[in-house]
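Start from the sequences and build out the full structure, keeping to the hints where you can.
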Amino acid sequence: MSGYRVKGAARLALAPSVALLIVGMIVPLATTLWLSFRYYNLMNPALGGFAGLSNYEFFLTDPAFGQAIVNTILLVGGVLAITIVGGILLALLFDQPMWGRGVARLLVIAPFFVMPTVSALVWKNMLMHPGYGIFAWLAMKLGLPPVEWLSNYPLFSIILIVAWQWLPFATLIFLTALQSLDHEQQEAARMDGAGPFDRLVHIILPHLGRAITVVILMETIFILAIFAEIFVTTSGGPGYASTNLPYLIYVQALMQFDVGSASAGAIVAVVLANIVAIFAIRLAGRNLTA
Amino acid sequence: MRSLRPILFKAAITCLGWTVALLLFFPILWTVLTSFKTEVEAIAFPPAFWPAGWTLENYFEVQERSEYFGHFLNSVALSLGSTVIGMLIAIPAAWSMAFQPAPSTRHVLMWMLSTKMMPAVGALVPVFLIFKSIGLLDTLPGITLIVLVGNLPIMVWMLYTYFKEIPADILEACRMDGATTWKELVYVLLPMSLPGVASTMLLNIILAWNEAFWTLSLTAVKAAPLSAFIASYSSPQGLFWAKLSAASTLAIVPILILGWISQKQLVRGLTFGAVK
Chain A
1 MSGYRVKGAA RLALAPSVAL LIVGMIVPLA TTLWLSFRYY NLMNPALGGF
51 AGLSNYEFFL TDPAFGQAIV NTILLVGGVL AITIVGGILL ALLFDQPMWG
101 RGVARLLVIA PFFVMPTVSA LVWKNMLMHP GYGIFAWLAM KLGLPPVEWL
151 SNYPLFSIIL IVAWQWLPFA TLIFLTALQS LDHEQQEAAR MDGAGPFDRL
201 VHIILPHLGR AITVVILMET IFILAIFAEI FVTTSGGPGY ASTNLPYLIY
251 VQALMQFDVG SASAGAIVAV VLANIVAIFA IRLAGRNLTA
Chain B
1 MRSLRPILFK AAITCLGWTV ALLLFFPILW TVLTSFKTEV EAIAFPPAFW
51 PAGWTLENYF EVQERSEYFG HFLNSVALSL GSTVIGMLIA IPAAWSMAFQ
101 PAPSTRHVLM WMLSTKMMPA VGALVPVFLI FKSIGLLDTL PGITLIVLVG
151 NLPIMVWMLY TYFKEIPADI LEACRMDGAT TWKELVYVLL PMSLPGVAST
201 MLLNIILAWN EAFWTLSLTA VKAAPLSAFI ASYSSPQGLF WAKLSAASTL
251 AIVPILILGW ISQKQLVRGL TFGAVK
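Protein sequence lines correspond, in order, to chains A and B.
No gaps in the numbering here: position 154 of the first sequence is 154 in full-length UniProt numbering, and each next residue is one more.
No gaps in the numbering here: position 97 of the second sequence is 97 in full-length UniProt numbering, and each next residue is one more.
To be clear, the hints were calculated from the coordinates, so they are not data collected in a lab.
Some hints here could point you the wrong way.
[Stated by the list, open to error] Mimicking DSS-like on lysine-lysine, the simulated pairs with C-alpha atoms at most 25 Å apart in a straight line are:
| id | chain 1 | residue 1 | chain 2 | residue 2 |
| --- | --- | --- | --- | --- |
| 1 | B | K10 | B | K164 |
| 2 | B | K132 | B | K264 |
| 3 | A | K7 | B | K164 |
| 4 | A | K7 | B | K183 |
Dropping the structure here:
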């Protein structure tokens, strides 16, 4: 009797979460899909009706689209390369005994908690500014001309900013993973004459394999969606040089008011993210049963 | 000699570690230092490291020019509001899936995770149009609702993994003693999983505070939290770096402290329990 009561309560307890996610996520997504097949422009309400695939054709043949895809991939790839290599090095460093290690670790992970708009503006103005920034001062010290970071290397600059924000995440996860490393095994390998490099390649890196997978998947999901950093630094420019897919869709929808083709672009972005998500969800699922 | 080598090694590692740590922390340190400079000092070239006068002027001016405190309160309301309401919805769900699993539970968990993987931009257009038509654009309830939906999967997942660590027998025993489901949840489960509940809340506060996609696209003058308000400093007219720094310092320090407190649990939350 009470078993039924509890079962009923359990289903009831789950309902609000499921309902909220359906209303807040699934319904909008379905609406996006529907809109992507409609003519819909906020500036031209007279135009309407079924558009077939023409929104997709318009979005996919736009030269900006090709560039946005390339930029999106470069952004994800660049940040992943920096944060994974850097994160492993930092984790190895901060796994060593040192004085004040706890405080030093806090300093290293701090950038992760800085809101994206603040970190982008601080980098843009106070570090990368060609006239008054710290980098310009360093260049002067080295006898080099100052670099116009955001106008000449916009995408690279954004990669640097985003990598600075995500390096702590990778470091933190690798540090956590290193702590579960078997120290006796390490010691045994050392006794057998394995040098630091051998131990790194044959013991430490394989041990970090799972953590690396997790970092790649989680960072990819978040960095595919980078938006605020571009919004406040380059506005996607010059031209489309630093426009990624989310930013292009935002411009299409809220600045050019072309709802139809923005929706088509959003569907393309969702499909792209899903390719990564499938692997991530499999990984989490394996973890669930273990 | 034998005892000296480890000490020297440790000293070398300490130097290297602290150099790296200070370099990575430098942009934040620089922001805090600049917030105490005058505007002239802030753009001095070559840069002046320490503020000459340690002025608090910028903090006052940021408030006077732009109702900074109002945006600060928006941030507080957004992060606390979405967290508290989110917990009220997520705790029952996580309890249900952890202690009364149905055959579908695994699929529900996976489905929730998959909604988090969906890029927010996929929902932008309809959410914007709906908010516009029912007057939720640039309102606190509107932005709170959408941020809450975005973070709900993480809350449910995190709570689920914490609840899973509590032996089901204990809850079973309470039920035998005649405790109602409600009492079981409030008097047994929550106290036992308090650290997990607290860290879930902390992570959610951090995520909501720093959320920038939805705040930039759905809020403006009235409901903008700091993450969106700060973006107004990106306009090119004038170099107000000292004021930008003061506004930024106030925006990041509270959350930085919360982040430092919850760093361990953060790993768990952001990896959906895959790394503990």
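Earlier hints that do not hold, by number: Violated hints: 1, 2; rest satisfied.
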